[in-house]
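Starting from the known structure of chain C, fit chain Z onto it as the hints suggest.
Number of protein chains: 2
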Amino acid sequence: MNLSYKDQRPVFGGFKLTRETLTLRAIGIDTYHENVAYLHRSCNIYRVEGFQALSKIEISTNGNRILAVLNVVDDESIVNSDELGLSQQAFKQLQVEEGCSVQIDHAEPPKSMGAVRRKINGERLSADDFMSISNDIAESRYSKMEMAAFLVASGQTGLDRDEILYLTRAMLESGEKLDWREQLVADKHCIGGIPGNRTSMLVVPIIAAHGMLIPKTSSRAITSPSGTADTMEILAEVTLSPERLGDIIHQERGCLAWGGTAKLAPVDDKLISVERPLGIDSRGQMVASILSKKLAAGSNHLLIDIPVGPTAKVRHMREALALRKLFEFVGDRLNIHLEVVITDGRQPIGRGIGPVLETRDVMQVLQNDPLAPFDLRQKSLQLAGRILEFDPDVRGGQGYAIARDILDSGRAMAKMNAIIDAQGRKENPSFAPGEIFFEVVAERPGHIISIDNYQIARVASMAGAPIDKRAGVELFKKLGDPVSEGDLLFRVYSEFSANYEFAKNLCDQHNGYTIGEEANIPSSFVAF
Amino acid sequence: MNLSYKDQRPVFGGFKLTRETLTLRAIGIDTYHENVAYLHRSCNIYRVEGFQALSKIEISTNGNRILAVLNVVDDESIVNSDELGLSQQAFKQLQVEEGCSVQIDHAEPPKSMGAVRRKINGERLSADDFMSISNDIAESRYSKMEMAAFLVASGQTGLDRDEILYLTRAMLESGEKLDWREQLVADKHCIGGIPGNRTSMLVVPIIAAHGMLIPKTSSRAITSPSGTADTMEILAEVTLSPERLGDIIHQERGCLAWGGTAKLAPVDDKLISVERPLGIDSRGQMVASILSKKLAAGSNHLLIDIPVGPTAKVRHMREALALRKLFEFVGDRLNIHLEVVITDGRQPIGRGIGPVLETRDVMQVLQNDPLAPFDLRQKSLQLAGRILEFDPDVRGGQGYAIARDILDSGRAMAKMNAIIDAQGRKENPSFAPGEIFFEVVAERPGHIISIDNYQIARVASMAGAPIDKRAGVELFKKLGDPVSEGDLLFRVYSEFSANYEFAKNLCDQHNGYTIGEEANIPSSFVAF
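Protein chains in written order, with my numbering: chain C, 1 to 528; chain Z, 1 to 528.
Check before you lean on any hint, since a few could be wrong.
The list that follows gives simulated cross-link-like pairs (lysine-lysine, PhoX-like), each with its CA atoms no further than 20 Å apart [claimed, not checked]:
| id | chain 1 | residue 1 | chain 2 | residue 2 |
| --- | --- | --- | --- | --- |
| 1 | C | LYS111 | C | LYS144 |
| 2 | Z | LYS270 | Z | LYS92 |
| 3 | Z | LYS92 | C | LYS144 |
| 4 | Z | LYS325 | Z | LYS144 |
| 5 | C | LYS56 | C | LYS92 |
| 6 | Z | LYS270 | Z | LYS325 |
| 7 | C | LYS270 | Z | LYS144 |
| 8 | C | LYS144 | Z | LYS504 |
| 9 | C | LYS177 | C | LYS56 |
| 10 | C | LYS56 | Z | LYS144 |
| 11 | C | LYS111 | Z | LYS56 |
| 12 | Z | LYS477 | Z | LYS426 |
| 13 | Z | LYS504 | C | LYS270 |
| 14 | C | LYS504 | Z | LYS111 |
| 15 | Z | LYS144 | Z | LYS56 |
| 16 | C | LYS263 | C | LYS325 |
| 17 | C | LYS270 | C | LYS111 |
| 18 | C | LYS270 | C | LYS92 |
| 19 | C | LYS56 | Z | LYS270 |
| 20 | Z | LYS56 | Z | LYS270 |
| 21 | C | LYS144 | Z | LYS56 |
| 22 | C | LYS144 | C | LYS325 |
| 23 | C | LYS263 | C | LYS177 |
| 24 | Z | LYS477 | Z | LYS504 |
| 25 | C | LYS177 | C | LYS92 |
Please keep in mind that the hints were generated in silico from the structure rather than gathered at the bench.
Next up, chain C with everything else stripped away, as it sits in the complex (with noise of 0.2 Å):
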């Protein structure tokens, strides 16, 4: 081996001048979030330009440019060597024929992943930093993993108020806002973590029946068994265009859609995406998304509710302070008028606890049924109460008796009928819960003193909800209620043996509920 300096001088080979195209070629697969570009292993532009399995490549023709995540194929019936397949997706994201010439490129990695290492490091993110996120995601630059990095960095050390009030205008930058050239918008938002808590679906008819408009979006479930648009799902389209959402608005008031296909704050349900299977949530991050898509639904209006109990996810007043807080910093900033409500988060709200059992307890308020769940009916009217006080007609303290008008007199079931109807209304929709199913009883007799949100939502998620509509918990006893050994606390339905398993195995180990002394039954330490 000769190996000295000199022999080695490279000689200049110049240019490739022209470069190589593919032809393009939908492939029947569908990849769901994530866009598969597919090559077969003998094409030449896989050879020489060093691609490898799994690589991102971005995909150009005609002005037009996706970035796809690399397959490489070895049979020519699925791309033969000149083609270039694309999952289903990235074929209509591409907005292009098949057959048209493509060429392919290695993705360059998002530019501002370097602001997501800063932040793993511990540093402080600028306005522009947020903003260069937030577009790479836009754009699909981001990867689920580089996602998982940003979601996790900023969660752990957490975001200061300012890092959190520029994430929350990024979000809202990346998506279309709506106008609704009105003065008051109104609009509400749980943070989330009580189970059974479907207020909107009777605080909006409520508000779009006295006349103020509220242009509820609603995201889907996170990590609870249901959200409220999983819930609506049961009764109408949840899944509207941002002309159709504008159209009904105009009409009923009123909507309880999902935000999410409404390209309002896309970047939001990217990483909720993420956050969902990981089964994260962070408070800085909940904070922008839930303003970021409040803001971009064009609400200048806002009460948020917080719920407080030992198994909520606020689990003392300081906190729920602290975070009233943070939201008043950030929604001040963004010039929304915003109330923040702390409730009583210590139990279940309501019977039901998944899409069909919920919508079942809000059609039994909103009917005026004598069975209808008590909680659920009086923290409905306690929130709209506070919503109809935007108005400036309405008298200070006069927004429950006016909300109670409204609910009772049928008014309310009216105008969710109305809602329901201008969605899309669901032809025949069954309420009837999962086929399969088992009861957990009490094991011995005295007062029920805690039942566990948290265990409880878990029980319902493994039952198969929210994506099974039919699959949750229902609930017989609650906070305070008197049991024999015996009674029923409450029974799980399934749609499906696996989850029928996956959802006792759970209750065999901790059902959620605890049974003691009546003198031990927690007082609810909120004053709502």
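Leaving out everything else, chain Z in the frame of chain C:
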């Protein structure tokens, strides 16, 4: 709508007593580290069980089970509705024939994600937590997103030294362990960050020529332009089975192989496959990665090299000392004799950066070529000397002279050739760098007062290293050298024009060299 409670009482439908099966089909798609399963949209199981594209499923047959990500297919020529398709790696991992019956099920989320979430919240994890995480990763239960969450969470608030010990032990337990049945099994490792630092390829032949056992296994580059395994691959096979590895080491007393496919600490390799694209590299993870790999390879005497310099991984002496103590703490508890040397990390070592260019430097030193880079030779002799002194028969302080004698006499070159032959010599390796290159010259006269390790490494990476073996950077001036205006500082080689452009753009922004007054050349603050 009649929604009264009684009417909705479900009828118990009983369980499905038999489970449907699908016929296994191998799909000619290479999805690298990620298992992918293909199910037709009209497949009965897909519809009934509520699977979703991109959800994780478990596939089982005859007691074998694997996890895979689900893609939904609309093309009968890929899979039909009775079939389950598997990507190449997934099919291989399941270890059964095509056409055999398989069952599928929702994959349970990895149990240990609960511990990861506790880590995200800043909690300290137990030895058992780390063991569960490591087991779940070893069994491919973690997605890349979940591994990213673990890495970021444990990198950010940091692991305390006991947690690092637990993690190291868990990673060590995840794979096979080699036992050499000898009292003295040596190894060395540099924490990295210094481009061109290929001392292992000199130290191993010297130590093995002395007769001391040094079963060196190397990682591939994480964020650098080349790892020892990437560079050694120019000369020999580096992907060896544990059996091959054992035979070679018994015969030659040393080897230069990649630890990845040798089933030693496999969790480390999986984590590296996430760390690399994210560009993160945490201290605790580094210590656990290095020590688990070395212990799994059966070493009981280890020399760790920590380079310190203004652009090295470790920038201050106090940081180097803290890291030394961390290595000592974990090493002592895992019964390895461990010594740490702190070395001069002010600039790259040798002339070449990138697999081919580094190989040339190494071969020049082994061949006692007068043009061989002096710093690479000196540092390698110093490190080899320290390792030789692990031998009870070597008098303290004599190691360096023995190492030099082995190198100068040609015994190191002879041993290197023997190792190359044993691992599998590459036929006619080319040492020619990439054919597309550009040069960076001095813009003013003066002395080189700094060379930015990080920037030079980035230029080499952008140029294509280590994936393109012939890409990299060749340095013509080092720290302290006098230069005139227009003198060649370094040359950058690529194999592809896209890489040329990435690297060129980067150099135009900042080329990594600073030219200044002779008085400002920093002195090494390491006495080594």
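Hint check:
no., hint, verdict
1, LYS111(C) - LYS144(C), "16 Å, holds"
2, LYS270(Z) - LYS92(Z), "18 Å, holds"
3, LYS92(Z) - LYS144(C), "26 Å, violated"
4, LYS325(Z) - LYS144(Z), "32 Å, violated"
5, LYS56(C) - LYS92(C), "18 Å, holds"
6, LYS270(Z) - LYS325(Z), "27 Å, violated"
7, LYS270(C) - LYS144(Z), "16 Å, holds"
8, LYS144(C) - LYS504(Z), "30 Å, violated"
9, LYS177(C) - LYS56(C), "31 Å, violated"
10, LYS56(C) - LYS144(Z), "14 Å, holds"
11, LYS111(C) - LYS56(Z), "30 Å, violated"
12, LYS477(Z) - LYS426(Z), "31 Å, violated"
13, LYS504(Z) - LYS270(C), "34 Å, violated"
14, LYS504(C) - LYS111(Z), "17 Å, holds"
15, LYS144(Z) - LYS56(Z), "12 Å, holds"
16, LYS263(C) - LYS325(C), "29 Å, violated"
17, LYS270(C) - LYS111(C), "18 Å, holds"
18, LYS270(C) - LYS92(C), "18 Å, holds"
19, LYS56(C) - LYS270(Z), "18 Å, holds"
20, LYS56(Z) - LYS270(Z), "18 Å, holds"
21, LYS144(C) - LYS56(Z), "14 Å, holds"
22, LYS144(C) - LYS325(C), "32 Å, violated"
23, LYS263(C) - LYS177(C), "9 Å, holds"
24, LYS477(Z) - LYS504(Z), "19 Å, holds"
25, LYS177(C) - LYS92(C), "24 Å, violated"
Hints 3, 4, 6, 8, 9, 11, 12, 13, 16, 22 and 25 from the earlier list are contradicted by this structure; the remaining hints agree with it.
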